[in-house]
Every structure is written in C-alpha cells, then in structure tokens.
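Taken in sequence, the protein lines are chains S and Y. Reading the first sequence from the start, the letters are residues 1 to 289 in the working numbering. Reading the second sequence from the start, the letters are residues 1 to 330 in the working numbering.
Since the hints were made in silico from the structure, they are not lab data. Incorrect hints may appear among the rest.
Which residues of chain Y face chain S? A few of them, derived with a C-beta cut under 8 Å, are [to be verified]: (1) L105; (2) V109; (3) Y155; (4) L159; (5) L161; (6) V257; (7) T303; (8) V310; (9) V314; (10) V317.
Far from chain Y, some chain S residues (derived; all Cβ distances over 12 Å) [stated by the list, open to error]: (11) L99; (12) P129; (13) L172; (14) H179; (15) A184; (16) I200; (17) G236; (18) Y240; (19) A242; (20) A247; (21) L248; (22) R250; (23) W253; (24) F267; (25) S274.
Positions of the beta carbon are idealized from the N, C-alpha and C atoms, including for glycine.
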Amino acid sequence: MIETFLRRAKAAGSYTLRTPKLLLGLVLLASLLLLGLLGPAFVDVEKARPISVKPSQPPSAEYPLGTDSGGRDVLAVIIVGTPQTLRMGLLAGVVGVVLGTSLGLLAGYYGGRIDMVISTATDTMLTIPPLAILLVVAASVRTMSVENMAIIIALLSWMFPARTIRAQVLSLREQPYVHMARLAGLNDIRIIFEEIMPNILPLAAASFVGATSGAILAGIGLEVLGMGPQRTPTLGMTIYWAQLYSALIRGLWWWWLPPIIVLIILFVGLFLVSAAMDEFVNPRLRKTG
Amino acid sequence: MNYFVRRLIMFFVVVILAATLNFIIPRLAPGDPIGAVLEELRARGASTGGDAEDEIVAAYRARFGLDQPVYMQYLRFLTNTLRFDLGHSISYYPQKVEAALFRALPWTVGLLAISTLMSFAFGSFFGALMAWPRAPAAVNRFLPFFMVLSAVPYYLLGLILVYLFAFVLRLLPLGGAYSSGTIPRLELSFLLDVIRHGILPALSILLTSVGFWALGMRGTMVTVLGEDYLTLAEAKGLSGRRIFFAYAMRNALLPQVTSLAIALGTVASGSVLVEVVFNYPGIGWLLYNALRSSDYYMVQGVTFFLVLTVAVSVLVVDLIYPLLDPRIER
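Same shape as in the complex, but just chain S (with noise of 0.2 Å):
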C-alpha cells in the first residue's frame, strides 16, 4: 500500500517535472500561499484594518504598496486578501466536485429515472447564467462571509464536473471488468466505489482545478461589484472600494494594481495546471503547443 503509493508520488514528482506547463502553474500557486503564509511574519496584518494608516500614501520604505483612501496598508490587504481568495475558491470547488461528482455518479451507473432527473436538472442549471442567481441571492443577504459566499457560489458550480463525470461513467459502466465484478457478486457500492471510482479521479481531478478556478472568478466578480464580504479586506474587495473612490483617475495605482496582479498570477497559475491536466486526462492534445 505504502508502496504503491511512494511509487505513484515519485511518478506524479517526475510527471510534473517534464511538463512545464505543470510545474510553472504550480509553483505560481505556491508562490501565492507562500505569500499568505509567510507574510504575517514580516508585515503588521492589522493595518489592513481601515484608518489604521495615513491614508493615500505613494508606496514609500514604510509602505511598499503604499495606502488606500480608508487608511488601510495596501501591502497588509493583500497578504490577508489573498488567503481569503484561495480558502473560498478551495471550499467552493471542493464542495461543487463532490456534489457533481456523486451526482455524475449516481446518473451514470444507474441510469433509467435517476439519469432522467439529475441530467435535466444539469443542463436545466447549466442554462442559467451563475452570476444572475449570485447577484440576487447576495442581494438579499444581509452580511456576507467568505464561507457564505463560497457556499453560495459552490451551489452553483456542480454541474460541469456532473456532467464530465456522467459521461465517463456512461462508458466505464460497460467496460468486461465491471462486467466481471458484477458476475463475481460485487454489490453496487463496491463496484462504484471499487472499480469506476480509482478510474474517474484523474478527471474528478481535472474538474477540481475547473472548478475552483469558476468559483474564484464568480467570487471576484461579485466582490468587484461590491457583494462581497464587507468586514473581511479580500482581492476583489480592494477593487470594488478602488473603484468606488475613484482611484483609477485620481492615480492611485498603487491600489487597485496590486490585487489585480495577485489575481493574474492565481488564474495564471490555475489556468496552467488545468491546462496541463487536460492533456493528462486527453492526451491527443498533446501533439501540439
């Protein structure tokens, strides 16, 4: 057992190092939590508080970021934002991949009413633009947290990893070994679990990093737009507030750019390692690029 797994980490180890696509957008990531984990080491995190700083300050010794309009440390928001941002995308996209994932499940191998049911509610959810539901429900909720909204957005972000998994599971149904396992009087828990389960993870996988990085960008767009949590200083937060003050014509850059290069480098670096797993899980594309 142990064994087996050495050998699988020592192959994923030397996957990653031969594909650089892999390894960039991964060391992208680390650099990210790196920066939240180390940060509040060396930079005071409470003056991400507002007026805890002279407000509108240039970046200077004192403030390498420098200060926003409300008195907070650019530098300081950034190194509690962007923990914030990851820990509600993580939460969403694991929540969406189980919920898609056991409901991709279920639809596949039994087929039938169930199948009927859970794909239509899919392509029913599918339909539906998510930042429309978004945008309602947090207008109806009062106060708004980072596990609000990551539980808010997860709800939403199921159906994709669904809808891949069902179709996997559609044609693994009827591959001879499953076949056998149901001759060999393996109930359907086993064989879920068993024998379709080991072969769906590469994709559940894939779908994880898909899912995590919709979640993020749903998140982002509705803290941009002022939905977002209030009291917690988070990335997209910082813009919306920027925006709001009008940073951009008054030359503030130093405001609104950090958190927008912070986000480029998240989706960057979740864009590559998805991309790279694409190839993982469909190796025809792989010829190319």
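Got chain S; can you put chain Y on it based on the hints?
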C-alpha cells in the same frame, strides 16, 4: 419523447424556474418591505403606533397585493413576468423596468456582439493554424501569450488598459459610451465618438477571449486532422490551402459555431463587469446601479432578462444544430 418537444419543455422549465427564484429569494430574506417604508417614515418624525399606522400598513399591503395568500401573489407575479411586465423601478419611480432595459440593450448588444464576433473570427483562424502542421512557426510562438491572457478576467485587464491609454497617455476616453454633452443621433461625428469610446472595452474583451476560441478550435482541428478524408484529400494532391480551408477548418468550425451562438446569448450577462469598469450605459451598468441603490424590482427584472437571453440562445442552438450537422443523432 420527441427531441424538439423535450427541448421546448426544458426551455419553459428554465424560464419558470428563473421567475420562481426571483419570487422566492427576496422573500426568504429577513425584514419586510412595508416595515422598511414605516421605518423610513418614523425616521422623518412620524408618530408611532395608533390606528393611523395600521391603516397605512393595510393600504400598502393592498396596494402591492401583499394581503393576498402567497400562492395568489406567486401566480400574479408569474403571469406578469411571462407577459414581460417587470414592474416599476423603485429608484426612478414611475419608470418601468422593461423600458429601462430596452433603452440599455442597444449599447450592450452593439459593444459586446461586435467584439465577440471579432474575437471569434481571429481566435478560430489562429486556433486552426496552431493545429496545422505546415503553419509558420511564428504562430505557435505568440499564441501562448493569448492563451495566458484568456485566463485573465477581462474587466481586470480593462482596468489596466484604461489606466494606460486613458489616464497616463490620454489617447482615449476614460469611460462612457459617448462624450458627455453630446446628444445621441445618427450622424458621422457622433458615430466616430461612439467608436472611440468603444475601443478600450472592446479591446479588453478581444484580448482575453481570442485565446478561448483558439483553444477550442485547436482541439477540434486536431481531431479533424486525424480523419481519413483528410488523408484522402492529400493523396488526391489538393493544395494545402484548399485542404486547410475547405476540408479541415470547415468541419472543425461546426462545434465552434455552437459556442459562438451561446457566447452571443451570454453577451448580456457577460456585460455586467466590463460595463461597470467602463461606465458603459448598457444592461450591466443598469444592474450595477440597481444593486447599489437596492432597486430590487430592477435587479429582478434585469437578472430575469439575462436568464431569458441565455435560455433562448441555448434553445435556438439546440434546435438548429441537428439541421446543421446531420451526423448528430439524438
């Protein structure tokens, strides 16, 4: 069940579901609208309690139909919504929500439809070239740049573009759809003004979405290039250009067209953030302002409209697709 019938039923389910969510979600929220009005009256020094208050409450409840049972309220809401009677704006009272929507729509459609079509054309062509073995090597060199850009949300890139071109270099306007003070009318100078204002938002959409189309096109193109009829076309001695356009690209474009139709349908909902960044007076800007002023009828109306446009375009695609591609068997 017949495919078309099934598809139509699904469309109506989506529309009714969207309307129902619009009805339920605000009612789940704590507090009630009449209480909010009373609160406001008290803040202005109205006396509390007494018969007068009960009378006011009763009058308001009757006025908005809140004295009726919930299922009656729901039915009335549903019929009104399906007749596209979306109620009145609260912030700009007697204005109707649908009137505001139709005034904002041309700006959104103009800006986003044009930039979506442009990025579709560029992206599909480059994506096809990327998969083509005989394409110039330069193509593959600058495409990773677009791929990376496609991961960046367009409104974030938009902010950077506004700062560079409008604030620092002062080449283009900061935002809006036309210069303030001009009256919208059909003449050349106004048209040029609109185009000048459209360049930056269109550019931010174009730069971030070309990669998406290129990626999709490359994927289908790789599949098409492996088909037997391409080998046959080559064996027949057809020119590379002919094989590329008439055999490979034409077949690979089919799934792209589906995505294009859906992308055009999501134009309205995709517009929200870009219009906020550029102060562009379209649907997204309308929604943003409605949210900020808690104009719930407007928010509900706009979101219902967004769902409707997506549902209609997905329906159209699904109905037309079997006609376009007879190989698809439902």
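Taking the hints in turn, this is what the structure says about them:
no., hint, verdict
1, L105, "violated, 16 Å"
2, V109, "violated, 16 Å"
3, Y155, "holds, 7 Å"
4, L159, "holds, 6 Å"
5, L161, "violated, 11 Å"
6, V257, "violated, 18 Å"
7, T303, "holds, 4 Å"
8, V310, "holds, 5 Å"
9, V314, "holds, 5 Å"
10, V317, "violated, 11 Å"
11, L99, "holds, 18 Å"
12, P129, "violated, 4 Å"
13, L172, "holds, 22 Å"
14, H179, "holds, 26 Å"
15, A184, "holds, 35 Å"
16, I200, "holds, 21 Å"
17, G236, "violated, 10 Å"
18, Y240, "violated, 9 Å"
19, A242, "violated, 9 Å"
20, A247, "violated, 10 Å"
21, L248, "violated, 6 Å"
22, R250, "violated, 10 Å"
23, W253, "violated, 6 Å"
24, F267, "violated, 4 Å"
25, S274, "violated, 9 Å"
In the structure shown, a violation is registered for the earlier hints numbered 1, 2, 5, 6, 10, 12, 17, 18, 19, 20, 21, 22, 23, 24, 25, in ascending order.
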